[in-house]
Amino acid sequence: MTKVNTALSIGELKLANPVMVASGTFGFGEEYADLMDVNALGAVVTKGVSLEARRGNPPPRTIETPAGMLNSVGLENPGVEVFLRDKLPWLRKIKPAVIVNIFGSTIEEYGRLAQRLDGQEGIDALEVNISCPNVKQGGIAFGSDADLAYQVSAHVAKSCHLPVLVKCSPNVTDLVAIAKRVADAGVAGLTLINTLRGMAIDYRTGRPMLGNGIGGLSGPAIRPVAIRAVFEVCAAVDLPVVGCGGIVQWQDAVEFMRAGACAVQVGSATFRNPKTANGVLAGMTAFAAEQGLHSTQSLMVTAHAKSVPTGDRKEPGA
Amino acid sequence: MPMKRFHNRAKIVQVEDVARDTVRLCLQVAEIADQVEPGQFVMLGPLAPDSHDPFLNRPFSVHACHDDIIELLIGVVGRGSRMLSEFVPGQDLYVLGPLGSGFQVPAGAKHMVLVGGGLGIAPLFYLAQHCSRLAAKTVLLYGAGNSEQLLSTVTLTDLGVELALATDDGSAGHHGHAGDLLLNWIAAQPEARGRDTYLATCGPEKMMAAVAAIGREHDFQVEVSLEARMACGVGACLGCTAFDVQGKAVRVCHEGPVFPAGEVFGP
Numbered sequence: 503m504t505k506v507n508t509a510l511s512i513g514e515l516k517l518a519n520p521v522m523v524a525s526g527t528f529g530f531g532e533e534y535a536d537l538m539d540v541n542a543l544g545a546v547v548t549k550g551v552s553l554e555a556r557r558g559n560p561p562p563r564t565i566e567t568p569a570g571m572l573n574s575v576g577l578e579n580p581g582v583e584v585f586l587r588d589k590l591p592w593l594r595k596i597k598p599a600v601i602v603n604i605f606g607s608t609i610e611e612y613g614r615l616a617q618r619l620d621g622q623e624g625i626d627a628l629e630v631n632i633s634c635p636n637v638k639q640g641g642i643a644f645g646s647d648a649d650l651a652y653q654v655s656a657h658v659a660k661s662c663h664l665p666v667l668v669k670c671s672p673n674v675t676d677l678v679a680i681a682k683r684v685a686d687a688g689v690a691g692l693t694l695i696n697t698l699r700g701m702a703i704d705y706r707t708g709r710p711m712l713g714n715g716i717g718g719l720s721g722p723a724i725r726p727v728a729i730r731a732v733f734e735v736c737a738a739v740d741l742p743v744v745g746c747g748g749i750v751q752w753q754d755a756v757e758f759m760r761a762g763a764c765a766v767q768v769g770s771a772t773f774r775n776p777k778t779a780n781g782v783l784a785g786m787t788a789f790a791a792e793q794g795l796h797s798t799q800s801l802m803v804t805a806h807a808k809s810v811p812t813g814d815r816k817e818p819g820a
Numbered sequence: 126m127p128m129k130r131f132h133n134r135a136k137i138v139q140v141e142d143v144a145r146d147t148v149r150l151c152l153q154v155a156e157i158a159d160q161v162e163p164g165q166f167v168m169l170g171p172l173a174p175d176s177h178d179p180f181l182n183r184p185f186s187v188h189a190c191h192d193d194i195i196e197l198l199i200g201v202v203g204r205g206s207r208m209l210s211e212f213v214p215g216q217d218l219y220v221l222g223p224l225g226s227g228f229q230v231p232a233g234a235k236h237m238v239l240v241g242g243g244l245g246i247a248p249l250f251y252l253a254q255h256c257s258r259l260a261a262k263t264v265l266l267y268g269a270g271n272s273e274q275l276l277s278t279v280t281l282t283d284l285g286v287e288l289a290l291a292t293d294d295g296s297a298g299h300h301g302h303a304g305d306l307l308l309n310w311i312a313a314q315p316e317a318r319g320r321d322t323y324l325a326t327c328g329p330e331k332m333m334a335a336v337a338a339i340g341r342e343h344d345f346q347v348e349v350s351l352e353a354r355m356a357c358g359v360g361a362c363l364g365c366t367a368f369d370v371q372g373k374a375v376r377v378c379h380e381g382p383v384f385p386a387g388e389v390f391g392p
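Sequence order for the protein chains is Z and B.
Those letters in the first sequence? Residues 503 to 820, per our numbering, in order.
Those letters in the second sequence? Residues 126 to 392, per our numbering, in order.
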């Protein structure tokens with residue numbers, strides 16, 4: 503069997519392998535420590551952290567949907583100071599890279615968070631959640647406007663010395679246009695995609711199933727959307743992309759790499775089976791060996807070489 | 126010693142209808158049976174490992190535990206619980222646990238009063254098993270909608286604890302609620318006042334609030350077991366967060382599901 507090298511770099515961020523766990527699905531790591539092999543991960547991406555503690559949304563916050571789930575947790579988190587004091591010490595002891603997911607409600611807040619986390623021992627990179635509404639801009643989500651997405655990404659990148667990933671929202675008309683602008687912001691890479699906005703209603707009562715009404719859809723139901731997003735962005739933008747959305751088994755992760763992703767994040771599938779991410783790495787590595795490849799990175803991008811033209815991005819049937 | 130949690134395949138050894146739309150599922154899973162405490166729960170699933178649907182695992186309180194077997198009470202209310210009720214002995218099922226923080230029975234309590242409504246009987250049955258081994262006097266006060274929804278009295282009598290039943294329609298036991306049974310019990314036990322009496326309750330929230338209020342009035346030590354919709358069961362997703370009386374966020378799956386009544390319903 504071929505010896506397969508699993509290592510990779512995303513800008514300055516060095517990873518032992520391309521399998522991470524997605525923000526919001528793995529707490530701050532310790533929650534799953536005895537149920538899977540945390541040290542076999544390429545990176546742990548933390549629950550989103552803000553400057554101040556956030557209470558999150560009213561319950562119920564989760565509801566199962568066909569091949570997936572909706573959540574409206576609302577970014578509940580203890581705030582950056584409690585994160586540094588209570589959560590980071592444990593994260594310092596693990597082998598994988600630690601990527602802190604951050605969010606704010608103004609560009610300045612994002613910058614202050616990046617400064618506060620910069621230079622802290624044990625933090626290897628930041629992932630910027632740009633799906634939040636910008637309070638100064640009348641509540642428009644940073645991620646839904648190419649200029650705002652660029653500004654917040656560039657501000658975070660120059661506020662710290664850490665490699666920065668920008669996690670893009672799929673709830674936009676033209677993701678490629680946004681990704682192209684963010685690519686000029688001096689960031690290390692993109693994470694694609696965050697959850698899709700969705701809703702479920704109790705047919706009996708007419709009431710929304712989530713306390714917040716609308717939530718974010720995750721799970722295998724969104725994987726084709728995520729694969730398309732990765733494929734289109736990789737074709738148009740020269741920046742590493744981390745694929746995320748509906749991975750439940752190693753074949754799904756390889757599918758993301760075929761679309762052009764250099765790494766993947768396992769999200770809500772961890773709730774079903776805590777060892778999902780471990781199985782994804784093992785399966786992907788074995789598959790690469792079976793294919794006679796010397797690295798898991800060699801699994802990338804073949805779909806682009808083999809694909810039929812899709813560059814005009816016409817609507818299906820148009 | 127901190128508990129070690131497992132996500133293992135368990136052999137189904139028994140599936141039995143025990144009341145209307147209620148199934149008792151017995152699983153052979155020594156790693157969990159060895160450790161699980163009353164009030165703790167497990168997540169069952171993936172229910173269809175080769176499919177993505179249903180996507181999430183399901184939480185169930187441990188209803189009884191002996192040797193290497195745990196027993197769960199499944200209320201058949203939706204698609205997942207229907208699938209679970211259709212499993213047969215010999216099949217395997219993934220089980221994640223033991224999870225959460227269970228009942229903290231105070232050492233030296235003289236009276237143990239367990240008040241359950243509907244499927245809230247599930248964790249109290251295991252707690253009754255546990256209490257019956259202690260020196261304290263234990264009474265189980267159990268209400269349901271009607272006689273068909275009650276677990277069989279034979280099973281309950283086997284517990285070896287004092288038992289009183291109530292139904293909303295009067296088809297079995299007292300015509301009324303489990304809360305009435307508690308008032309009756311208190312009236313008959315003039316010596317049971319104050320911190321020597323431990324009261325545990327699980328069931329509909331209204332019932333638990335009423336029971337907690339009665340317990341507070343008599344200065345009992347009261348614990349309540351909450352139910353919440355949850356995705357991970359291990360404290361990671363923050364899907365089951367509830368807010369205590371001071372507005373502090375607590376994870377039902379991790380800090381709970383059992384809480385001091387004062388934290389949930391006020392001091």
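Everything labelled a hint here was simulated from the structure, so no lab data went into it.
Accuracy of the hints is not assured; some may be wrong.
[As the list claims (entries may be wrong)] The calculated BS3-like cross-link candidates involving lysine-lysine, where the alpha carbons are at most 27 Å apart (straight line), are:
| no. | chain 1 | residue 1 | chain 2 | residue 2 |
| --- | --- | --- | --- | --- |
| 1 | B | Lys-262 | Z | Lys-589 |
| 2 | B | Lys-136 | Z | Lys-589 |
| 3 | Z | Lys-777 | Z | Lys-638 |
| 4 | Z | Lys-595 | B | Lys-136 |
| 5 | Z | Lys-597 | B | Lys-129 |
| 6 | Z | Lys-777 | Z | Lys-589 |
| 7 | Z | Lys-505 | Z | Lys-682 |
All values derive from a computational prediction rather than experimental measurement.
Hint by hint, here is what the structure shows:
1. B:Lys-262 with Z:Lys-589: Given pair B:Lys-262, Z:Lys-589 is violated - Cα atoms ~44 Å apart, limit 27 Å.
2. B:Lys-136 with Z:Lys-589: The hint is violated at about 37 Å.
3. Z:Lys-777 with Z:Lys-638: 42 Å, violated
4. Z:Lys-595 with B:Lys-136: 37 Å, violated
5. Z:Lys-597 with B:Lys-129: Since the Cα atoms of Z:Lys-597 and B:Lys-129 sit roughly 21 Å apart, the hinted pair holds (cutoff 27 Å).
6. Z:Lys-777 with Z:Lys-589: 22 Å, holds
7. Z:Lys-505 with Z:Lys-682: 36 Å, violated
In summary, the structure is inconsistent with hints 1, 2, 3, 4 and 7 from the numbered list given earlier, while agreeing with the others.
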